[in-house]
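Here is how the chains run, residue by residue.
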Amino acid sequence: MNPSRKTNVLPGFGLSMGFTITYLCLIVLIPLSAAFLKTATMGWPAFWEAISAPRVLASYRLSFGVSAIAALVNGVFGFIVAWVLARYTFPAKKLVDAFVDLPFALPTAVAGIALTAIYAENGWIGSLLAPLGIKVAFKPLGIGIALIFIGLPFVVRTLQPIIEDLDADVEEAAASLGATRAQTFFRVVLPAVLPAWLTGVAMAFARAVGEFGSVVFISGNMPMKTEITPLLIITKLEQYDYAGATALAVVMLVASFALLLLINLLQAWSARR
Amino acid sequence: MKRFITALLIGTATLAVAAPKPVTLLNVSYDPTREFYVDFNAAFARHWETTTGQKVTIKQSHGGSGKQARSVIDGLPADLVTLALAYDIDAISEKAKLIPASWQSRLPHNSSPYFSTIVFLVRKGNPKEIKDWDDLVKPGISVITPNPKTSGGARWNYLAAWEFAKRRNGGDESKAREFVSALFKNVPVLDSGARGATTTFVQREIGDVFLSWENEAFLALKEFGADKLEIVVPSISILAEPPVTVIDKVVDRRGTRAVAEAYLNFLYSEEGQDLAGKHFYRPRLPAAAQKYATQFADVALFTIDEAFGGWKQAQETHFSDGGVFDQIYK
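Protein chains in written order, with our numbering: chain A, 1 to 273; chain B, 274 to 603.
Please note that the accuracy of each hint is not assured.
[Said to hold, decoys possible] Just so you have them, the derived chain A footprint on chain B, three or more residues with Cβ under 8 Å:
#1 417-426
#2 450-463
#3 589-600
[To be verified] Some but not every residue of chain B turned toward chain A, in silico, with C-beta under 10 Å:
#4 Lys340
#5 Asp361
#6 Arg379
#7 Ile479
[Unchecked claim] Below, computed lysine-lysine pairings styled on DSBU-like, alpha-carbon distance capped at 30 Å:
#8 B:Lys404 - B:Lys564
#9 B:Lys501 - B:Lys404
#10 B:Lys397 - A:Lys139
#11 A:Lys225 - B:Lys401
#12 B:Lys501 - A:Lys139
#13 B:Lys368 - A:Lys38
#14 B:Lys401 - A:Lys135
#15 B:Lys603 - A:Lys225
#16 B:Lys603 - A:Lys139
#17 A:Lys139 - B:Lys458
#18 B:Lys522 - A:Lys38
#19 B:Lys458 - A:Lys225
#20 B:Lys585 - B:Lys439
#21 B:Lys340 - A:Lys225
#22 B:Lys585 - B:Lys522
#23 B:Lys340 - A:Lys38
Hint data in this document are derived by calculation from the structure and do not stem from the laboratory.
If you're wondering where the values come from, they're calculated on a predicted model, not measured in any experiment.
Even glycine gets a Cβ: it sits at the ideal position worked out from N, Cα and C.
Just chain A, with the same shape it has in the complex (with noise of 0.2 Å):
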């Protein structure tokens, strides 16, 4: 027998494999390659002037800031909201954790809605703000906000298991060796997490560029402004220009595909250490 399939345990890698691939195409690449089959009807030129637009560079900068830095925003308190559910009992516990899961199960226009309504200038938040001068609602903070609050179950849901698996005798032993707090957590905890937690915030960071449903709610959607890139294909296809929203799809995906390839390189480099 070959020795190469004696490796795995379970038969049937053929089959599954086969699988792995029919089903990818079908569900992700065979769409995903329309996108760029639309967009080869366009020549180079109109490619170039339709995703080089001054309007349009000043959605990308918004779409992928914003997500940006509402990731970062996530990847430091979904940390904290991991943390303290893996680790602490209390009393609720469970109805906290179910709290986690809401951002994915809620229809995100329905999201978008609320949000608008309490972080408007007449809103309970929004109307407690205003006399700060801190205008949420219709600005890009409204939008960062919708964008974290999609974002945070992806942290959360990552870092958790990873971090309930992580004995906290390690953590003793660290600091009977005589480790301070600071030095057990940047040498002790953070290797041990930090694949799990850059894949949270990948995800959380990939799905805020693609958010659609809850930001046009709160953006305004003030052309320079307060447009996001999903709302100018939107647009783009209001007007039957179907080449020109599908160049800026491309614009997406390629950009997605490319931060969470780097993403991933840093996750395996960061997993070998």
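With chain A held as given, fit chain B onto it using these hints.
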């Protein structure tokens, strides 16, 4: 008893032969017609069953006008469409070749059985004293309108404002452009659709004036209370014609042409016109127009054809990428 059963059987059998098979129609429409077509579909089903004996079920689909047109282009089997503007139906003709280019001349009044216009919705008592279009560009006035690039209704708003300024300045296009730029400088939020903008104005209480379809304004008044809002009719506005048509390729394939055409003709009938008036669309039929005359204020209306040379040209000049509207935000 036995004879009775036999009679019953024969009776149902003849009935089954006499009554044609039930039929379904899909009417693809835009957002604010929701309430109107609920009533109208029931009326038409009654009418069709009494005249032909056939049961008809009408399924409705609502959404932004452009999005709806795209669904039909992409293959949604609509027997008929009732959309916000001719441009969207033109797209169905042009992109998918489902209907002839001359579709709009097939029914009376540019295939628009009812019409509407653009009016102002203001807060009760009209605290900012907004009376006409030129009040909208005053400093400190906050205007709510959806984005003309994503909302059919908002295109009517924009074009009405443009034409007002053009006429006020003796046909000077550059003055009109300045006017519209100033107007959009006063717009703090651009919602993507008409309903979203209504929410922004009424529920978020943002803005002093909301540029709205007349029927949508009446609906907001009914829904949110006449104690909070009132309608202001400007001196001049645009004749908004939401057109209708059967989708030839679909009705011929499904064999529903007769009933679909009857459906559209019923929109022009006394009953259909009365329902349109009841739902705040302006009826065409003199009798129905008379009945609802007190509901609608007199306003000078101009058509898009006379002012802008038709939708296609208006779309290209104003709303295409890099068009006049985009330049406002440069």
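Name the hints, by number, that the structure is in violation of. 6
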